[in-house]
Amino acid sequence: MSVVSPIREHLVTGGKTYHDVTEDICRHVESKPTKEWKIAFAISVLVLLYGGGWVLWTWWEGLGVWGLNKTVGWAWDITNFVWWVGIGHAGTLISAILLLFRQKWRTSINRAAEAMTIFAVLCAASFILMHMGRPWLAYWALPLPNTFGSLWVNFNSPLVWDVFAISTYFSVSCLFWFIGLIPDLATIRDRATGIRKTIYGALSLGWTGGAKTWARYEDVSLILAGLSTPLVLSVHTIVSFDFATSVIPGWHTTIFPPYFVAGAIFSGFAMVQNLMLVTRVVYKLEDYITLEHISLMNKIITLTGSIVGVAYITEFFIAAYSGVEYEKYAFINRATGPLWWSYFGMMFCNVMSPQVFWFKKLRENIVVSFVIAVVVNIGMWFERFVIIVTSLHRDYLPSSWTYFTPRMGDIGDYLFSFGFFFTCFFLFSKFLPVINMAEVKAVLKSSSEKKSNH
Amino acid sequence: MTDKKYIVGIFNDEDVVMDAVQKIRSKGIKIHEVFCPYPVHGLDHALGYERPRMGVPAFLFGITGTCLAFLLTFWTLGIDWPMNIGGKNFFPFPTNIPIVFELTVLLAAFGMSFTFFFMEGLGPSVKPIIFDIRSTDDKFAMAIDLNKNTVSDSEIKAFLSEVGAKEVNVKEV
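Respectively, the protein sequence lines represent chains A and B. 1 is the number of the first residue of the first sequence in the working numbering; add one for each residue after it. 1001 is the number of the first residue of the second sequence in the working numbering; add one for each residue after it.
Misleading hints may appear alongside valid ones.
[Stated by the list, open to error] So, partial list: chain B residues that the calculated Cβ filter (under 7 Å) puts toward chain A:
hint: 1; residue: V1034
hint: 2; residue: L1043
hint: 3; residue: M1054
hint: 4; residue: T1073
hint: 5; residue: N1096
hint: 6; residue: I1097
hint: 7; residue: I1099
hint: 8; residue: V1105
hint: 9; residue: A1108
hint: 10; residue: G1111
hint: 11; residue: F1116
hint: 12; residue: G1123
hint: 13; residue: S1135
hint: 14; residue: E1172
[What the hints assert, rightly or not] Just a few of them, taken from the derived set where beta-carbon distance is under 10 Å, the chain B residues facing chain A:
hint: 15; residue: G1062
hint: 16; residue: G1087
hint: 17; residue: F1101
hint: 18; residue: L1106
hint: 19; residue: E1120
hint: 20; residue: L1122
hint: 21; residue: I1129
hint: 22; residue: I1130
[Unchecked claim] With a straight-line cut-off of 25 Å between C-alpha atoms, the simulated DSS-like cross-links for lysine-lysine are:
hint: 23; chain 1: B; residue 1: K1148; chain 2: B; residue 2: K1023
hint: 24; chain 1: B; residue 1: K1023; chain 2: B; residue 2: K1005
hint: 25; chain 1: A; residue 1: K361; chain 2: A; residue 2: K284
hint: 26; chain 1: B; residue 1: K1088; chain 2: A; residue 2: K212
hint: 27; chain 1: B; residue 1: K1166; chain 2: A; residue 2: K445
hint: 28; chain 1: A; residue 1: K70; chain 2: A; residue 2: K328
hint: 29; chain 1: B; residue 1: K1127; chain 2: A; residue 2: K212
hint: 30; chain 1: B; residue 1: K1004; chain 2: B; residue 2: K1171
hint: 31; chain 1: A; residue 1: K212; chain 2: B; residue 2: K1004
hint: 32; chain 1: B; residue 1: K1023; chain 2: A; residue 2: K70
hint: 33; chain 1: A; residue 1: K32; chain 2: A; residue 2: K430
hint: 34; chain 1: B; residue 1: K1127; chain 2: B; residue 2: K1027
hint: 35; chain 1: A; residue 1: K197; chain 2: B; residue 2: K1023
hint: 36; chain 1: B; residue 1: K1004; chain 2: B; residue 2: K1148
hint: 37; chain 1: B; residue 1: K1030; chain 2: B; residue 2: K1004
hint: 38; chain 1: A; residue 1: K197; chain 2: B; residue 2: K1148
hint: 39; chain 1: A; residue 1: K212; chain 2: B; residue 2: K1027
hint: 40; chain 1: A; residue 1: K197; chain 2: B; residue 2: K1171
Read the hints as simulated data drawn from the structure, not as lab findings. Positions of the beta carbon are idealized from the N, C-alpha and C atoms, including for glycine.
Construct the complete structure from the given sequences, taking the supplied hints into account.
Laid out in C-alpha cells, this is it:
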C-alpha cells in the first residue's frame, strides 16, 4: 500500500529559469516608467502635497485645527499612529517569523512587505510629530541632559518606551531590508551601464556572491530574523502599553498586548494583500505571486481576524466579570452608545468579513481578496478609533460628556500619510526590485513547475 | 605587481557545481572561491569553510547594549536625578525592561551587520573583482588561482570540463 500525500502548489509557475527570474524582475527597474505608474505616482504626490499643506497648517496653527475637545484629547492622530504601526508589522512578520518557520512562500512577497513596513512606520512617526504640536522640540523625547536643568526623560513612561521601540524597530527594519537587497542590487549593477552602474554599484557594497560570503550572509539573515521576531512583538506590545498602563476604563486591560499584536498582523497582511494584488498585475508578476500566495495570505487574515474577534468578546466578558461599574459602562457604551456605528463597523469588518475565506473559491478570487483586504483595513482603523474615542468621550463626569467630530485638519493630516506612503511605495517599486530575486532563485529548483519531475 | 591568473569554470546547475567542488578538492586542487547567484546550502561545507559564527558578534554587541541601557536608566533615574513619584522606588527594574530590550536588539543587529560588512570587505566604495558577470544572474563561477596550485593550467582546464563546467575561461586580475 502506498500513501500519496498532497503536493504543495508550485511557488513559481510558468517554468521559469534563473535567467527568466532576473529578466522578469529587473525589467521594470531598467525600463522607462509606464503610463499607469506615472498617473498613480502623480496622484500620490498630489495627495502628499495637499496633506502636507494641512500638516504645515497644523504646525503653524496648533492642534486646534483638529476636532479634539476637553474630553476627547486623543482621537484621529493616535488612531492613525496605531493603525500605521500595525500595518507595518506584517512586513517583519513575513520576512522574519516566516523565515524562522521555513515558509518558502514568503520569498516572493517579503521584499515589498518589508518596504511597506518601513514606509508605514514613517507614516506612524509623522503622527507622533504632528501630535507633539511643536515638532522642533521632538528631541526632548530622547535621553539628553536637558540644558534647562538636569532633568532626564522618565524611563518609567510607556511614551518613552515607544520612542525607543519605534526608532529601534525602524532602524532594524531598514537594516534587514537593505541587507536583503544587497545581492539583488549587485545583479542590477552587473546588468547596468553608466551612472546607474555607479549608483547600484555603491549600493551593492561590492557584492560578488562568493560561497563564504553567502554562508555568512545566511547566518546574518537568520540571526536578524531571530532578533526581529521578539522586536516586532515588543513594538506593538509597547504601543498597547500606552493604553494598558493607564487608568482609563476600557484601556487598562491586560489582554491588550497579544490582542494588539494579532490585530497588527491582521491589518498588515490585508495591506500587503492589497499592494501585492496591484503589483502582480502592474508588473506582470503573476508567475511569482500566484493564487497560492493569495490563498495563504487569506488564511492568515482569517486566522488573525478570528483571534481579534475572540479578543473583543473576551474584553466584554472581563468587563462584566470584573464587577467594576465604570468598566462595564465603558463597554456597554462602546456597543450601544452614540458611537455604536464605529463598534459595529469594527465587528463587521474585522470579525465577520474575513470568514468568507473559509470557502476555497472565494479565497482564490482576486476581486474578493482585494475587497476584503480593504474592508479589513477600514475595520482595523475603526478598532483603534473605538478603543481611543469611545473610552474617552464619556468620562467620570457626565457634565463633560461629549461627541467627537473630525475637522478638516484631521482629515488632511490623514491624507498626508496616504500620500506619503504611496509616493514612497511607487518610488520603491520603480527603482528597486519588488521581488527578492536571489531568494526566489534559491527555491526555484525545488518548487517550480519545470523541475518538479526530478 | 605581478598579475594574478585565475581559471574560471562556469556551471549551470547547483548540483553539478556541488559535485564538481568535491571532485576537484579530492584531486588536491585548491579552489579560490565559487560565486553563486543565490545561496547554495552545503556549498560552504563542501569547500571546507568553517561554519559561520555570526552569532558571536551578535551576542557581544547585544550584551554591550544590555549593559549600556541598564547603566543609562540606572544612572539617570537612580543616581543623577532621582524622582520621587508617589514614594515608589527611584529605580524600579521592571519598567526599564523595554528600554534594555530595545537597545540590546539595536546594538546586536547593527553590530553584527557591520561586523559582517567588515569581515567580507563590503562597502560603498569597494570595486569588486568580478570573475564572471553572469554569476549574479544565472551561472555558478568557480575560480581557481593558478599561483596557488602546482597542477598545470591545461590539466585544470581539462578536469573542469570533465566535472561538468560548461565553459572554462582564463581571467587575469
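Can you name, in rising order, the numbers of the hints this structure does not satisfy? 6, 10, 14, 16, 26, 32, 34, 35, 38
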